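Chemist: As a plain string of letters, each chain reads:
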Amino acid sequence: MPRLTIDDLKKLREQAAGAIALRSGTARAKVTIHMGTCGIAAGAREIMAALLAEIERQGVTDVIVTTSGCAGLCSREPMATVEVRAQAPVKYVNLTPERMVRVFQGHVLGGEVVTESALAAGCETTG
Amino acid sequence: MAFRSHVLVCAGTGCVSCGSFDLGIALEKELGKRGLSGEVQVVRTGCQGFCAEGPVLIVQPEEVFYCGLKTSDVPMLVEEHLLKGRPVRKLMYTPPAAPAPVPTLSQIPFFAKQKLVVLRNRGLIDPEKIDDYIARDGYAALAKAVSEMTPEDIIREIKLSGLRGRGGGGFPAGVKWATCRQAALHRGVEPILVCNADEGDPGAFMDRSIVESDPHAVIEGMVIGARAIGAKQGFVYIRHEYPIARERLAKALDQAREYGLLGRGILDTKFDFDISIVQGAGAFVCGESTALMASLEGKAGEPRAKYIHTVEYGYKNLPTNLNNVETWANVPLIINRGAAWFTTMGSGDVSENPWNGSSGTKVFSLVGKVNNTGLIEVPMGITLREIIFDIGGGIPRGRAFKAVQTGGPSGGCLPATHLDMPVDFDSLTAAGSMMGSGGMIVMDDQTCMVDVARYFIGFLTEESCGKCIPCREGLRCSLDVLTRITEGKGEEGDVALLEEMGTVMQDACLCALGSSAPNPVISTLRYFRDEYDAHVREHRCPAGVCKALITYQIDQAKCDGCHACVTACSTGAITGQVKYPHLLNQDLCIKCGACLDACKRDAVVRA
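In order, the protein sequence lines correspond to chains Y and H. Per the working numbering, residue 1 is the first one in the first sequence, and the count goes up by one each step. Per the working numbering, residue 128 is the first one in the second sequence, and the count goes up by one each step.
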């Protein structure tokens, strides 16, 4: 990647904003695993591994799996956020590999929020 | 005058990223144009839970929900709905028949009461991808700072924002920057920029989380600071115990360099600045500015007397500007959205003088005896009660709140009578505690305040560098006295001795570690003196914590011989036949309290 000028930065922002918003692009859903120190200590890596294994087993190719930092509620880690296209993101708490697989099957593939592990829908207030 | 209508514009992260701020501004402008400003109020709310169709808003009292709005829809919306009272059907959302299966975040107090500024990207971006950060307006403030603002403009904006150092002292950042810039210009040398990521307070993890979840925010803040102060070289001093934060930061620095946002010729201008990471060895004293600089230079981490401050003679005797992680992470937003926006949050009026209030938000790590432990960001001026009971969800198992410790080991413990106190720099200091870097430890009625003071003094005794005698010996003697009291060997006069030593340390220690070290003792004495008296005079620990002062016994009349305590006891101190009252052998008892927790008939008594 070349060094940016101010104009390049603006263009890059527009491109990248589309990429993270799930609005454009072809992915049907995005799963964010919260991997702060708290999440990792509570088992976020195992959650991630279970999710990736399930995605591979089912041969799904249009789901984005990504990582992010602490979601704030450290006492309920490991946490993941599932965002299905054109729906509000849902935060899942106290996950285990088995629960993560059920969330993937139920919510990402099945389209129904898995209430067993779901905390809430939506995102936080900024600014 | 009361408003006849409220327009609730969602300011959740999702809607903000699709333009709800601009929408709010456009609404206010249009209402002004139509002369409706006095009748209709625009309110920014927490996430309304329908991020997918953002930006969304609700018009009250009719409760009409609009979604997917653009600023170009505003004139029609205002004219039709707010002026003529005809809801605009084509901008409305038809809800699906089924009710939502889970609540929205804004219905959960833990999230609803928070306001994310520094943590705006938490949980949303991949911290290892610079493009994610850029997508959420990352480095836009830097572009503004290098193309539209002079260094003086930047410093003025930071001063006007009232931003005070988030590392503990609460010194106004803009004033510090100006002093550093002046010192460097005056001497004709290049100043140095340092980010303090040596978070050492037990129970505190704000800075770690910020670096882990959004490292570019810290970098961008530092680059803007470098432009303002005129620095070419910067350091992040981060402790060894934060491996993930360090790795993510190193990766972020590489990415920023590759994009030309760091290094030579930043954003194709003549501005050069680079940052290196320096690892600390986890010494608490190295959070102190002069000790940190000594450690940066490769010397032992010991402070020096501060007749001359580090902004004039710091790292290698160069003017050095030190701010902590959270302070730096605030900078890009202040530059992007302006000081006026920043001062809408917080308490006090900082327009004349940043010392007059606390603007912005503060990140706290909320831990201890509280249901929702975690990392929170709240506007300054929120009360302790809101933090502990609304966000924190109260005390586990319905126990009573006793105290909250703020400001780390050198902070203080505040009792229940202070729950409605606003949380800002000056209120906390006036109450005998401090903001510190943002640790917040909640304690319930099973916490012994003498024991708490002993714990913190013990921590500080180990962390004292030993350079000055008041700190080294004062802490050691205080620890001896406190230990004696918790062992039931306290004597009349001990409490007065603790107070005397504390006063001397406050006056005579070389650095802030020592001068603030008596705070745990002094604040617990101020609010919980009766507990000290109970230990010393009655040899009793009211909270039932200090082992030397408690015994466990089995009430023979209540014991039904269920054997649960026998199973729970790890030392075999309890004996007895099933269905017959048991006996506890005091010689074998280690006072762990396992029998008390195991007994269902309240037959185990702690005295």
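Worth flagging that the hints you see were computed from the coordinates, not collected in a lab. One or more of the hints may lead you astray.
Heads up, simulated DSS-like pairs for lysine-lysine below, C-alpha to C-alpha not over 27 Å straight-line [stated by the list, open to error]:
| # | chain 1 | residue 1 | chain 2 | residue 2 |
| --- | --- | --- | --- | --- |
| 1 | Y | Lys10 | H | Lys211 |
| 2 | Y | Lys11 | H | Lys160 |
| 3 | H | Lys197 | Y | Lys10 |
| 4 | H | Lys718 | Y | Lys10 |
| 5 | H | Lys594 | Y | Lys10 |
| 6 | H | Lys378 | Y | Lys11 |
| 7 | Y | Lys30 | H | Lys271 |
| 8 | H | Lys443 | Y | Lys10 |
| 9 | H | Lys378 | Y | Lys30 |
Treat the numbers as computed from the prediction; the structure is a model and nothing was measured.
Chemist: Are the hints correct? Go through all of them and say.
Modeler: The hints, checked one at a time:
no., hint, verdict
1, Lys10/Y x Lys211/H, "violated, 40 Å"
2, Lys11/Y x Lys160/H, "violated, 34 Å"
3, Lys197/H x Lys10/Y, "holds, 20 Å"
4, Lys718/H x Lys10/Y, "violated, 65 Å"
5, Lys594/H x Lys10/Y, "violated, 52 Å"
6, Lys378/H x Lys11/Y, "holds, 23 Å"
7, Lys30/Y x Lys271/H, "violated, 32 Å"
8, Lys443/H x Lys10/Y, "violated, 39 Å"
9, Lys378/H x Lys30/Y, "holds, 23 Å"
This entry does not satisfy hints 1, 2, 4, 5, 7 and 8, going by the numbered hints stated previously.
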